[in-house]
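Visitor: Fit chains P and E to the supplied structure of chain X, relying on the hints for placement.
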Amino acid sequence: MAGRLARLTLHQTLALAAVLLGAAALFASPYPGSRVTLDAKALALVIGTEADHVEAPELAAWIIQGRADYRLIDLRSEAEFATYHIPTAQNIPVNVLTDAGLGRQEKLVLYSEGGIHSAQAWMLLRAQGYASVYMLKGGLDEWTDQVVFPVVADNPTAAERTRDERRRSISAFFGGQPRSASAVAAGAAAMPGMAAPATPALPKVVAPPTPAGGSKPAAKKRKEGC
Amino acid sequence: MNPYLAGIGLGLVLLAAFVLVGRGLGATGAFNAVIAWAVSTVAPEHARNNEFIAGYLGDEGTSPLKSWLLFEVAGLFAGAMFSGLLAGRVRVTTEKGPRVSVRVRLAMAFAGGVLMAFGAALARGCTSGQALTGGALLNLGSWAFMLMVFAGAYAVAYFFRWQWR
Amino acid sequence: MAMMAPFFKYGMFGDEASLVLAFLIGIGFGFFLERAGFGSARKLVSQFYLNDLAVFKVMFTAIVTAMLGVTYLGWIGWLDLSLVYLVPTHLAPQVVGGLILGVGFVIGGYCPGTSVAATATGRLDGLIYVLGIFAGMFAFAELYPLLKGFYLSGDGVGLTIPGTFGLPYGVVVFAVVLMAVGGFYGAGLLEKKFAAPGE
Numbered sequence: 001m002a003g004r005l006a007r008l009t010l011h012q013t014l015a016l017a018a019v020l021l022g023a024a025a026l027f028a029s030p031y032p033g034s035r036v037t038l039d040a041k042a043l044a045l046v047i048g049t050e051a052d053h054v055e056a057p058e059l060a061a062w063i064i065q066g067r068a069d070y071r072l073i074d075l076r077s078e079a080e081f082a083t084y085h086i087p088t089a090q091n092i093p094v095n096v097l098t099d100a101g102l103g104r105q106e107k108l109v110l111y112s113e114g115g116i117h118s119a120q121a122w123m124l125l126r127a128q129g130y131a132s133v134y135m136l137k138g139g140l141d142e143w144t145d146q147v148v149f150p151v152v153a154d155n156p157t158a159a160e161r162t163r164d165e166r167r168r169s170i171s172a173f174f175g176g177q178p179r180s181a182s183a184v185a186a187g188a189a190a191m192p193g194m195a196a197p198a199t200p201a202l203p204k205v206v207a208p209p210t211p212a213g214g215s216k217p218a219a220k221k222r223k224e225g226c
Numbered sequence: 227m228n229p230y231l232a233g234i235g236l237g238l239v240l241l242a243a244f245v246l247v248g249r250g251l252g253a254t255g256a257f258n259a260v261i262a263w264a265v266s267t268v269a270p271e272h273a274r275n276n277e278f279i280a281g282y283l284g285d286e287g288t289s290p291l292k293s294w295l296l297f298e299v300a301g302l303f304a305g306a307m308f309s310g311l312l313a314g315r316v317r318v319t320t321e322k323g324p325r326v327s328v329r330v331r332l333a334m335a336f337a338g339g340v341l342m343a344f345g346a347a348l349a350r351g352c353t354s355g356q357a358l359t360g361g362a363l364l365n366l367g368s369w370a371f372m373l374m375v376f377a378g379a380y381a382v383a384y385f386f387r388w389q390w391r
Numbered sequence: 392m393a394m395m396a397p398f399f400k401y402g403m404f405g406d407e408a409s410l411v412l413a414f415l416i417g418i419g420f421g422f423f424l425e426r427a428g429f430g431s432a433r434k435l436v437s438q439f440y441l442n443d444l445a446v447f448k449v450m451f452t453a454i455v456t457a458m459l460g461v462t463y464l465g466w467i468g469w470l471d472l473s474l475v476y477l478v479p480t481h482l483a484p485q486v487v488g489g490l491i492l493g494v495g496f497v498i499g500g501y502c503p504g505t506s507v508a509a510t511a512t513g514r515l516d517g518l519i520y521v522l523g524i525f526a527g528m529f530a531f532a533e534l535y536p537l538l539k540g541f542y543l544s545g546d547g548v549g550l551t552i553p554g555t556f557g558l559p560y561g562v563v564v565f566a567v568v569l570m571a572v573g574g575f576y577g578a579g580l581l582e583k584k585f586a587a588p589g590e
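Chains as they are written, first to last, in my numbering: chain X, 1 to 226; chain P, 227 to 391; chain E, 392 to 590.
Do not take every clue at face value.
Listed next, with one range per pair, are the computed distances between beta-carbon atoms [said to hold, decoys possible]:
no., chain 1, residue 1, chain 2, residue 2, range
1, E, 522, X, 65, 43 to 51 angstroms
2, E, 433, X, 95, 53 to 61 angstroms
3, E, 577, X, 78, 30 to 38 angstroms
4, P, 272, E, 586, 46 to 54 angstroms
5, X, 7, E, 570, 22 to 30 angstroms
6, X, 151, P, 289, 44 to 52 angstroms
In short, the hints are calculated from the structure, not lab data.
The beta-carbon is built from N, C-alpha and C at its ideal position, and this holds for glycine as well.
Isolated chain X, as found in the complex:
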């Protein structure tokens, strides 16, 4: 047998190697499919530190600064997105998230109505190997409460005045308006046991004025191909 192998020409050797490799590949399934491997302990640690949370005022600051080093993703349906969405957000409904072709190393900030879908999506993405995934803490609810319609004090102290000024300007940037603390408290007292008083209707989305020199968050992709 060894003698016969040694007498093979180059072409015959190549052909034999090809056929053997091809036969061995008969049972190959090279596409990864949708099964994932989770490192439960590592993820539990990350969840515990809350390092993956982004607070609403923080996100507001990033948008105002025109930061383009992250992608803001709205996980809700197209209809909900059309009604209102955080400016600069991109709509990727949660059920098509894995097909969206997001880069594995891209910084992603997810939000949904409250936080359930963003938490579930966070888990899905982390399990698939996305390294830099964050959630908007409290989702759109918190965004509405803290950024668009923030609460400002009626008789502010010096410290509260600076804080409220900032809240006012941020809220104006996003087309909202502040609510007075007493009105909020009165509303809560008048309806004990009920949820917080209805916030005014969210403003039509107006893309915030891009600060001078700011870059678009998602560059128009050039045609890839051959």
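Guide: The following block gives chains P and E in isolation, referenced to the frame of chain X:
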């Protein structure tokens, strides 16, 4: 070089592209990038309005010349020249058969290029991008394309044999 | 095994480095094209006159090599094949484009990649061919509004043969290998039969 060994070399280069960059080889896209750049420099409005060209312009901020394929084709040029120099196969000449004049041959070459461009544009690639790359990835459209290239070529080869004999 | 490749898609280097890699990969590409003799139109068209089937041999050896490579690397989980770009399938324009390309190949004597290789080794016909490609591409762009409907027809999705026909990937891989090796054997026979006078 033995065609099979050259093929293995080519295959490994292609594999390297897959592993390193997640895409295959190509050539046509480089030509598109240059055209997009040229048109956008001379007539920017026209470039933006032309849907085909606009696709290669992408973001207003990046030059269309920063195209992966353009750099790859530049490397192709260099690599081919290097191999040619090594083998002493570099000389200024026109490849043609004995019974055809240089002028006619060059005219045919130009015509071939024009046809090739149309074919490659429609098919989204040429033999490098579609046949090699798509072939290795078992891409359905690429294999169909490859078959058609051989079919089309064999169908008309008889009628152009005067160029080479 | 942890997924690591394609490196670029896992963020291991940026756009600039990717362009440098493009150049280096291109060097390899051009080197082997010329090594195979594909900087010469005569060698290339010999394929279609059946006296030198190097085009078939080189092309399919390359395809089989890379195909086996991605199959194995994907199988062991090192390469994430779903992140490798698959040209979207538009069957009608690809079929017609292929036919046109085949005709252009025989008339011009080159394909885009080899025409660049030919230009690099001094072939004037290669250079003129390149100019022809520019002219043709520009014409296509100008005629695009008319061609747009046909150009965009079809699925527009990356489809694989195993996926479309519901075949196991490995089976198709093996079939391609067998077809290629069989083809190489047949090519040898054809070459002997149609050898050009003087070979």
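Visitor: Now tell me, hint by hint, if it's right for this structure.
Guide: Hint check:
Restraint check, residue 522 of chain E to residue 65 of chain X: a C-beta distance of roughly 49 angstroms satisfies the suggested window 43 to 51 angstroms. About 57 angstroms separates the C-beta atoms of residue 433 of chain E and residue 95 of chain X, a value consistent with the hinted range of 53 to 61 angstroms. In this structure the supplied range 30 to 38 angstroms is violated for residue 577 of chain E paired with residue 78 of chain X, their Cβ-Cβ distance being about 55 angstroms. For the pair residue 272 of chain P and residue 586 of chain E, the supplied restraint of 46 to 54 angstroms holds, since their beta-carbon distance comes to about 52 angstroms.
Between residue 7 of chain X and residue 570 of chain E the beta carbons are some 27 angstroms apart, a value that agrees with the proposed interval 22 to 30 angstroms. One distance hint, 44 to 52 angstroms for the beta-carbon pair residue 151 of chain X and residue 289 of chain P, holds here, with the actual separation near 49 angstroms.
Checked against the numbered hints above, the structure breaks only hint 3 and satisfies the rest.
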